[in-house]
Amino acid sequence: MHPAPSVIVFTTLSGAGFGLLAFLALGLLPVYGVQAFLIWGLGYGLAVIGLLASTFHLGNPQRAWRAFTQWRTSWLSREGWAAVAALLLLAPVALAAIFGGGLPPFFGLVGAAFCLATVIATSMIYTQLKTVPRWNFWATPALFLAFAATGGAIMTGQALMAAVLCALLAVLMIAAFKLGDQRFGEVGASMGSATGLGSVGKVRVLAQPHTGPNYLMKEMIHVVGRKHAATLRRIAVTLAAILPGLMLLFMPPHPFVLAVIAAIHLMGAFAARWLFFAEAEHVVGLYYGQR
Amino acid sequence: MTALPPPSAKKLGLVIDLDTCVGCHACVTACKGWNDQGYGVPLSDQNAYGSEPSGTFLNRVHSYEVQPDQGPAQVINFPRSCLHCENAPCVTVCPTGASYKRAEDGIVLVNEDACIGCGLCAWACPYGARELDQAAGVMKKCTLCVDRIYNENLPEEDRQPACVRTCPAGARHFGDLGDPDSDVSKLVAERGGYDLMPEMDTKPVNKYLPPRPKGPEQQVDILAPLLDVKTTGFAGWLDRILEKI
Numbered sequence: 366m367h368p369a370p371s372v373i374v375f376t377t378l379s380g381a382g383f384g385l386l387a388f389l390a391l392g393l394l395p396v397y398g399v400q401a402f403l404i405w406g407l408g409y410g411l412a413v414i415g416l417l418a419s420t421f422h423l424g425n426p427q428r429a430w431r432a433f434t435q436w437r438t439s440w441l442s443r444e445g446w447a448a449v450a451a452l453l454l455l456a457p458v459a460l461a462a463i464f465g466g467g468l469p470p471f472f473g474l475v476g477a478a479f480c481l482a483t484v485i486a487t488s489m490i491y492t493q494l495k496t497v498p499r500w501n502f503w504a505t506p507a508l509f510l511a512f513a514a515t516g517g518a519i520m521t522g523q524a525l526m527a528a529v530l531c532a533l534l535a536v537l538m539i540a541a542f543k544l545g546d547q548r549f550g551e552v553g554a555s556m557g558s559a560t561g562l563g564s565v566g567k568v569r570v571l572a573q574p575h576t577g578p579n580y581l582m583k584e585m586i587h588v589v590g591r592k593h594a595a596t597l598r599r600i601a602v603t604l605a606a607i608l609p610g611l612m613l614l615f616m617p618p619h620p621f622v623l624a625v626i627a628a629i630h631l632m633g634a635f636a637a638r639w640l641f642f643a644e645a646e647h648v649v650g651l652y653y654g655q656r
Numbered sequence: 007m008t009a010l011p012p013p014s015a016k017k018l019g020l021v022i023d024l025d026t027c028v029g030c031h032a033c034v035t036a037c038k039g040w041n042d043q044g045y046g047v048p049l050s051d052q053n054a055y056g057s058e059p060s061g062t063f064l065n066r067v068h069s070y071e072v073q074p075d076q077g078p079a080q081v082i083n084f085p086r087s088c089l090h091c092e093n094a095p096c097v098t099v100c101p102t103g104a105s106y107k108r109a110e111d112g113i114v115l116v117n118e119d120a121c122i123g124c125g126l127c128a129w130a131c132p133y134g135a136r137e138l139d140q141a142a143g144v145m146k147k148c149t150l151c152v153d154r155i156y157n158e159n160l161p162e163e164d165r166q167p168a169c170v171r172t173c174p175a176g177a178r179h180f181g182d183l184g185d186p187d188s189d190v191s192k193l194v195a196e197r198g199g200y201d202l203m204p205e206m207d208t209k210p211v212n213k214y215l216p217p218r219p220k221g222p223e224q225q226v227d228i229l230a231p232l233l234d235v236k237t238t239g240f241a242g243w244l245d246r247i248l249e250k251i
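Residue numbers (the working numbering), protein chains in the order written: chain H, 366 to 656; chain F, 7 to 251.
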């Protein structure tokens, strides 16, 4: 799949943002006043920038409001609702932290639940696609949740919890890479089943239907950069999970240190998300004899 | 609404005969011609006369070589377009309700006024049936020429999809695949019509007819007798002399 910058920014930043907001909503970082303004502002900023980025790849963004109408069937629509609900429900919690004034923890709990729902809905947009076997299994929501939780724990300075989540994230990332490699074979789609000619004999492309590239090939048959996949996988796991985990364990949880750790983690998350798209193979490639 | 309607009794669709298709791309051209000026925005081209032209098409014709275990390889021309699936994944993923399946005849359509061009339906389709028009930013797909098949302003013989009407080989058939007594249903039953990528659980309405089995390869060299030339007369004398030297 084509790794469009807009969707990489969208899924990575909004994931980290909603993770941070969930941790803040649960009251894990008792901050007030200016500090609260800055950290809640960071959470809202990441989430909103991510959501705005998602509209950049639309053909007709002026109609984006229509995406709220089909929540009964569409994960993309549900994601929109969950995101808006989380941001609205957490506004009083954030304001209470900034300006003082107590709110029962129930408000934060509900907001955190919607943050969780948003991340799950985002992951399900990809997980639901049978056509992309690498995405279409449990590891996709698990990874999205682990990234959100790890980012949130780092940014709220929960050093020990964040280190444990980093370890979990590393295991999940490696599992997703290894199991994902086998997914296309497991689904069983082949040039033979795509054309139905497998029962006649071995199928190969004799002539492509068009001489230039088309939308399908640009969008779904992205082969550029896959040759560096193995290196990028190591970089992604190291930056997103291993290095932040070690730094959390062996460095003091000073805000500046945490900011550096968060930046390293996000770089790893971007690399991982780039791979998530670039390595994903769509079954339509079979018609072109390509994966 | 992007919920799928209950299965309709009427299932309009195409039956494509891979034994007969000659790969002339006339269906591609006829489709682009009709759909450029009828339903929805035109099918735009980008850089049409440049070094890397591309454009929106609702129908593409692939050519494959199929090598059986025994006998020579066969060339199969393979038109690919929307299969109007009963269990259409492109419909349920749509966040705006632009993508829908008609309850009355099963045709899958896009309401372009509601399409935001997110491209998720194209991702959900295993068959590459949907292409995002790069000029209008909305999703385009086969409409089964819904503006022809019910169009009473057209002569009756023209009330079928443009690709079917134009096919010079008679490789494309249009009809109601929900009616077991229709011509297309009978053809599918008779020729063993099949679904593409059944493992995707999309339940396509369109069916493909496999190439007919070929007989054993005939090793008759019709030129062989002509090559065994016996020379006579002066040429024969020259032939004998030259062989002795």
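Calculated directly from the structure, the hints in this document are not laboratory data. We put the CB at the ideal spot given by N, CA and C, even for glycine. One or more of the hints may lead you astray.
[Claimed, not checked] No farther apart than 20 Å at their CA atoms in a straight line, the calculated lysine to any residue pairs in the SDA-like style are these:
#, chain 1, residue 1, chain 2, residue 2
1, H, K567, F, P222
2, H, K567, F, K16
3, F, K209, H, S555
4, F, K16, F, P222
5, H, K495, F, P222
6, F, K220, F, Q76
[Said to hold, decoys possible] Okay, the calculated bits of chain H under chain F, using three or more residues with CB under 8 Å as the criterion:
#, region
7, 465–475
8, 505–514
9, 544–550
10, 578–585
Hints versus structure:
no.	hint	result
1	H:K567 <-> F:P222	18 Å, holds
2	H:K567 <-> F:K16	36 Å, violated
3	F:K209 <-> H:S555	17 Å, holds
4	F:K16 <-> F:P222	41 Å, violated
5	H:K495 <-> F:P222	40 Å, violated
6	F:K220 <-> F:Q76	11 Å, holds
7	465–475	violated (count 0)
8	505–514	violated (count 0)
9	544–550	violated (count 0)
10	578–585	holds (count 6)
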